[in-house]
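Enquirer: This is what each chain is made of:
Protein chains: 2
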Amino acid sequence: MGFFRSNIEAMDGYTPGEQPQHGKFIKLNTNENPYPPSREVTRAIQAVLEQGLGRYPDSMATAFRLRAADILQVSPDCILCGNGSDDLLTIITRALVGEGERLRLPYPSYVLYKTLANIQGAETEEIGFQSDWTLPPQFADASPGLKLAFLPNPNSPTGTLVSPTQVAAMAERMPCPLVADEAYVDFAEQSCLGLVARHDNVIVLRTMSKSYSLAGLRFGYLVAQPSLIAQFLKVKDSYNCDALSIAGATAAINDQTWLAETTVKIKATRTRLTRELAALGFDVIDSQANFVWAEHSRRSPRELYEELKASRVLVRYMKYARWREGLRISIGTDQQIDALLTLLKTMV
Amino acid sequence: MGFFRSNIEAMDGYTPGEQPQHGKFIKLNTNENPYPPSREVTRAIQAVLEQGLGRYPDSMATAFRLRAADILQVSPDCILCGNGSDDLLTIITRALVGEGERLRLPYPSYVLYKTLANIQGAETEEIGFQSDWTLPPQFADASPGLKLAFLPNPNSPTGTLVSPTQVAAMAERMPCPLVADEAYVDFAEQSCLGLVARHDNVIVLRTMSKSYSLAGLRFGYLVAQPSLIAQFLKVKDSYNCDALSIAGATAAINDQTWLAETTVKIKATRTRLTRELAALGFDVIDSQANFVWAEHSRRSPRELYEELKASRVLVRYMKYARWREGLRISIGTDQQIDALLTLLKTMV
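For the protein sequence lines, the chains are A and B, in the order given. Just so we're aligned: the first sequence equals residues 1 to 348 in our numbering. Just so we're aligned: the second sequence equals residues 1 to 348 in our numbering.
Read the hints as simulated data drawn from the structure, not as lab findings. Quick caveat, the model's predicted, so the values are computed rather than measured. Glycine is no exception: its CB is placed at the ideal position from the N, C-alpha and C atoms. Among the hints, a few may not be true.
[Unchecked claim] Looking from chain B toward chain A, a few residues come up when the C-beta cut is under 8 angstroms (computed):
1. G54
2. G98
3. L244
[To be verified] If you want a taste of the chain A side facing chain B, the calculated C-beta under 10 angstroms gives, among others:
4. I8
5. G13
6. P34
7. E101
8. K234
Produce the complete structure using the sequences and hints provided.
Expert: What follows is the structure, encoded as structure tokens:
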């Protein structure tokens, strides 16, 4: 070919989890929410449909920002919306990390971060978690060319959380912005949101895909100081969020009762799944997310994944070089989890 | 700040056309379609809403690609979908143009292209149109570091078209991919789509925002040879198109009768607007898009813009250094254009 940048040609590209478009699967592989979203979402989208789609949407998603600001107790000027949090991860990386510069991330964590660095022609520095799932001090050390650090918190695939106290101490020492990617935070006990006001290098990232059950809609937002948002705006596509997703996400975040009820259910199912997997001989890390990481001392996780798939239950098999392989199992409904456990009982 | 890349800090950012969210304006400033989209769009979106939004969408927008391939008479493997054509312009630029490299575009043309080059830390080469709105031979010349050329065709703000014959001859000579950005092609007499099969460096870009009246939905696509698409896929966000936009865009492109009827109406209004503006002393370039570029020998375009805005009619005032200033007026309904003309008659 020869047309493309050498870093692009050298890449494999990020492979998202399987999304079968046909056939009936119990889908526990991409951390979707098994419950339908708030009914207010459909109503809000239908109201926009009645007004028509011919006009460009509000480029700043103002309606969402005003509502979210009120709920999160931050200024609307501290909120930037994106076409899913992946869009915001992309914007942040493009604004901060140039060719040959460095992006830091913990290991194991979300594989997409490396892909984003590769696209920029940048290097990554992976810092392994400690055995108690805290981060070693060097995660916050300065290093030549370091421009950005991503910290998924709770982390994927482990569901573990670095405490806001440790994140604050790291942010204090870091020479660059630190993104707390809180995709799963509504299933956790603590958040880093409160750090934004006190640390001009802390960015908190959220998505409506998981806890609000809107993965199909593509909507996320970040919270950061306005001086950072002013730069990110230069990189953002003018109309990155469509009119339907702005209305749907606004209605969703407005329904905090729905959110509380749904996350309580999911966390209860998570507790039960963790206990029952342990009873089947799995090694399960205590999770603060809507999934658990499970390994089995006697059975290969890849084989378990294949056998479950043959029975039309999809979980995520993941293998990390220099760490481990295992299954990342999303928290479904109680019925779905019962079906999974029934199958696993016959396998292990 | 000091955190950001120097090219980002130095940028002004792209300013999209005004999108008043409140108040009643006749909006002739951002080339939206004044007619509601095909009724099939709403039906298709409602069907998805009934299934729920909890699952991630199809990352390849397969339903759209199959339908579009059939209508355009190309292979589905030659189609890549985006969150508006701006998303695809971004993907193309990130895949092809690195820091310090060069992106070519004609002048005057779509201002966003320069913004995309700036974000990459790349340089732009602007080649002026000739007086007959063809391009000089140097648009196709090799030059050090040249990695990509954008050609809006029909062009904005002029509505002029470079013939596919000239585009083919240029592509033949160019050392890099050439993007024919056909955002407005459904209002034109010719297209470059047929060139993709014969030139591995031609990329044709389309949007559903203008001719299909779906600016609020954010959906675009490109047509190129599969070897190029394989590289673009590495840069694309996994789930760049949401489930509602995929369904809506598929329904829209499927309704070619609606498209034909709507574009006939808009072209008839364009002919009438061009004639009546000329009768009022405007200099109007013959347009193959859903807007016209108009200048007046005696009246300042900025003043006309301000006076129209005071009467709640929005047109786009544009000023190009080393070229001209004028008004870009989108083709509205006949009633909207009558209202505009009535106002202009009192002003000039």
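Enquirer: Each hint should be assessed against the structure and marked as holding or not.
Expert: Quick rundown of the hints versus the structure:
Given hint, G54 (chain B) at the interface with chain A, holds; its Cβ is 4 angstroms from that chain's nearest Cβ, closer than 8 angstroms. Among the interface hints, the one on G98 (chain B) holds; its C-beta lies about 5 angstroms from the nearest C-beta in chain A, closer than the 8 angstroms criterion. Because the beta carbon of L244 (chain B) sits about 5 angstroms from the nearest beta carbon in chain A, less than 8 angstroms, this interface hint is met. Interface restraint check for I8 (chain A): the shortest CB-CB distance to chain B comes to about 5 angstroms, inside 10 angstroms, so the restraint holds.
The criterion of a C-beta within 10 angstroms of any C-beta in chain B is met by G13 (chain A), whose closest approach is roughly 4 angstroms, and the hint holds. For the restraint placing P34 (chain A) at the interface with chain B, the shortest Cβ-Cβ distance is roughly 7 angstroms, inside the 10 angstroms limit, so the hint holds. Because the closest C-beta pair between E101 (chain A) and chain B is about 8 angstroms apart, less than 10 angstroms, the hint holds. Hint on K234 (chain A) holds. Least Cβ distance to chain B is approximately 4 angstroms, under the 10 angstroms limit.
No hint from the list above goes unmet by this structure.
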